[in-house]
Amino acid sequence: MDTTLLRIENLSKTFATVKANDNISLEVNKGEVVALLGENGAGKSTLVKSVFGLVKPDSGTITIKGEVIEAGDTAAAIRHGIGMVHQHFQLVPVMSVAENIILGDEPHKGAFISYAEARESVKELSDKFGLDIDPDAIVEDLPVGLQQRVEILKALRKNVDLLILDEPTAVLTPQEIEELLQVIRNLSSQGVGIIFITHKLREVLAVADRIVVLRNGKSVGTATPKESTESSLAQLMIGREVIFRLDKKEAKPGAVVLEIDDLYVKDDRKLMSVNGLSLSLHAGEILGVAGVEGNGQRELVEALTGMRPTVKGSFSILGEVAIGKNPHAIHTMGVSHVPEDREKDGLIATLSIDENLVLNQYKNPPFAKGWIRNIAAVNSYAAKMIEKFDVRTPSGKYPINSLSGGNKQKVVIAREMSQDSKIIIASQPTRGIDIGSIEFIHNQLLASRDSGVAVLLVSAELDEILSISDRIAVMYGGKIVAILDPHDVDRTQIGRLMAGATQ
Amino acid sequence: MKLKVTRDVLVPIASVLVALAIGAILIASQGHSPMTAYHVLIVKGFQSTAGLQSTLSKAGILIMSGLAITIGLRAGLFNIGAQGQVLSGALAFTYVGYRLHGLPIWIHLPVALVVGAAFGALVGGFAGFLKATRGVHEVISTIMLNSIMAGVVDYLTQNQFRLQGQPNTRTPEILHSARLPHIFGYPSGFLIAVLLAFFVSWVLKKTTTGFEFESVGRNRNAAWYAGISVKKTIVLGMLVSGAIAGFTGAIFSSETTGYFVPAFYSGIGFDGITVALLGRANPKALIPGAIFIGGMRSAQSAIQFEAGVAPDIINLLLALVLFFATAPFLAKLLKSNAKSITTTSGWGS
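These protein sequences, in sequence, are chains A and B.
Everything in the first sequence is counted per our numbering, starting at 1 for the first residue and increasing by one.
Everything in the second sequence is counted per our numbering, starting at 1 for the first residue and increasing by one.
Any given hint could be a false lead.
As the list claims (entries may be wrong) - Which chain A residues face chain B? A few, computed with CB under 7 angstroms, are given here:
1. H328
2. I348
3. Y362
4. K363
5. W371
Said to hold, decoys possible - Listed next, the in silico SDA-like pairs over lysine to any residue satisfying Cα-Cα at most 20 angstroms (straight line):
6. A:K344 / B:R218
7. A:K363 / A:A329
8. A:K344 / B:N221
9. B:K206 / A:I372
10. A:K397 / B:R218
11. B:K205 / A:I375
12. B:K206 / A:Y398
13. A:K422 / A:Q444
14. A:K270 / A:S314
15. A:K369 / B:V203
None of these hints come from the bench; they were simulated from the model.
Note that the coordinates shown come from a computational prediction; the quantities given were computed from them, not determined experimentally.
Glycine residues also receive a C-beta, built at the ideal position from the N, C-alpha and C atoms.
Construct the complete structure from the given sequences, taking the supplied hints into account.
As structure tokens, then:
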């Protein structure tokens, strides 16, 4: 009997001039977990979107259970038993779990929705696949891990044979990741084929039956977890050997440069998000703030950089109270800021790379003399930065939009790290970028720290925090719940603290 | 950069051609000859000296009102209220123009022009102030200000500023010391408008204020992050936009009307929107479009008399030009939105 579930043959897709997928062939068997591994821009998302019908490939065929499915047609993909859990959940926050799951295909009695039947079918599904959940809970009250479970159940209800998970672990705590991996194993034992996208090597090794590595749109290799190590996979991903060990010397912390005292900050929904937080940052150290996203990290960073008003409490920069100052004033006090959302805050998409490199210095000499800007000075400075920070572009005249995520981030890093700052506040500095760029940015942060700069690193990637921090502050519920030494903690301990457990 | 040239030059030209083609069908359907109509348009609009003078004079006004809209668009503001600002600037200019006696032209004219621009700026700046402090959208506030200004100038023209002993409602005549001189028989307003276009282009490209406009217009969050005061830029953007609109009204009064009657100014602010969109919010690129529309406007009555085409057809043609100039732009916008729903890839790439 043929156990092949999905067969992709010679699939190619070109966006403008970029070959996102170049002649890729791939098979998934029944009950098999295939991990798609690759740097950002390697073509993973494009490939699975082609399978789910969100992208229409230029050539190649997709066959499921021996039937060719129409390209670029989501409805056809669903009909053929393909389900996809997106990176960003597609849930209605104010509705219950059961309501979300039946949405679009509601069981009804006459003209009315039969909620009893809905609850029943949710129960049935969660029992069958071991996905425990309360059908009457309101989605917005659930933690992210359970919301994801709702997404998975929604897909399973449509009797999927193949489930695509697009970076499902990006927003989860370590414990939630463990639970998700268990769910994946359960599903595969029931015969569901799974395509699992991630760039976290540990997860790949833990759950995959087979690993397919993409690079620059091509399939460059297949491996099994047994015969692979993290470094062999990384080497396949970026095409050269990666040194995971960073050039990290002993830190020499100096005086306190940033002192936060009992700070309160509200979020966009006017709810208190930073709740009486106190913290001090020393010159010459990297202080890593670990925490599950949504525990006030964003609001903390925005308050410290002048982008968000504070409610109560105070913070001072180099001994000077900095409450109520605007971003420009804080920047002038010696604070650089790598914002969490580079597209929204850090860059102006349609301006050139050159302009973006001087975005917060456009008024300063030599880039302007009084009212008149010196474009030549901007361009020559930008050319140096592009060279020094290895921004891959033919010219700085192109709009920043033409760059990949990693190169955009290098532009932000180049701008923020070249300004003789005393403090660098870096929020998710390596999110969504490739390993080569991550390594580069980590080394830049370490070099700054060695030159006596204080670095506040906020990141949802525990590995990042563990590998470059000198001290780790765990943030939960708008407070720092623990300060740890990275040398004598383990991941589960931090994970528990991140999830709100007391020590 | 090359891509941009194709888009910015070919699209407006194509939209004009398509509009003319549809116009031809409409004219033919009315039983007139489109060839005659377009021939008259070319002769009366561009070939005869009088026609060219009139075309350039109108084009100058269109360039300036187009610039008023353009500078707002660059700062991310849609100043629908240029019309009200034109009226306010025109009436203020006219008042100074007939009230101040005994000044030489090189004092009287500049002072009156500055007063005109200042009153336009006042109206525009008020909308900017409402947006910056209270979050009132400028489209809403400027539309309402249009009505308010129309009422105010009507009232003033009928009462305080009215020339007594005249059957029709109008202000006294603007003195010669506040009239724009012609240069070799050609309107100097056009020259001023072209210089202004180059100046606005230079400001946007080469000054810190221009950079602030561009940054706020493209991404307010990033501008704020970069240390630009978004509120100040919004107020300044509306202030400058209003000043140019007020200046437009002043130049028009000085060069063309000679005294103030509200109806003279109808449509100037709105034609500015057409011109700005046809020029794709590029201060220099809007000049050809303004000349073309100026030509159509100045040949309008000739086309009516000589080819029998109703003047409404010319208005229809202008509307078609606007439609085709902006439709591809809109289509692209909608398409890229649709695309972004389906093909956004992972975090930030």
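Here's how the hints hold up against the structure:
1. Interface hint status for A:H328: upheld, as the beta-carbon distance to the closest one in chain B is roughly 3 angstroms, under 7 angstroms.
2. A least Cβ separation of about 5 angstroms between A:I348 and chain B falls short of the 7 angstroms threshold, and the interface hint therefore holds.
3. Of the supplied interface hints, the one on A:Y362 holds, with its beta-carbon coming within about 5 angstroms of a beta-carbon of chain B, less than 7 angstroms.
4. Proximity of A:K363 to chain B holds as hinted, the smallest CB-CB distance being about 5 angstroms (cut-off 7 angstroms).
5. A cut of 7 angstroms between beta carbons decides the hint on A:W371: the least distance to chain B is about 5 angstroms, and the hint holds.
6. Between the alpha carbons of A:K344 and B:R218 the distance comes to roughly 11 angstroms, so the proposed pair stays at or under 20 angstroms and holds.
7. Of the pairs offered as hints, the one joining A:K363 and A:A329 holds, with about 13 angstroms between alpha carbons and a cut-off of 20 angstroms not exceeded.
8. Restraint check for A:K344 and B:N221: the C-alpha separation of about 6 angstroms stays at or below 20 angstroms, so the hint holds.
9. Between B:K206 and A:I372 the CA atoms are separated by roughly 6 angstroms; this keeps the pair inside 20 angstroms, and the hint holds.
10. Note on A:K397 and B:R218: the hinted pairing holds, with a Cα-Cα distance of about 17 angstroms set against a maximum of 20 angstroms.
11. A threshold of 20 angstroms between alpha carbons decides the hint, and for B:K205 with A:I375 the separation of about 9 angstroms falls inside it, so the pair holds.
12. For the proposed pair B:K206 and A:Y398, the alpha carbon gap of about 18 angstroms is at most 20 angstroms, so the pair holds.
13. A C-alpha spacing of about 15 angstroms is found between A:K422 and A:Q444, which places the hinted pair at or below 20 angstroms, so the restraint holds.
14. Between A:K270 and A:S314 the CA atoms are separated by roughly 19 angstroms; this keeps the pair inside 20 angstroms, and the hint holds.
15. Of the pairs offered as hints, the one joining A:K369 and B:V203 holds, with about 14 angstroms between alpha carbons and a cut-off of 20 angstroms not exceeded.
Checked against the numbered hints above, the structure violates none of them.
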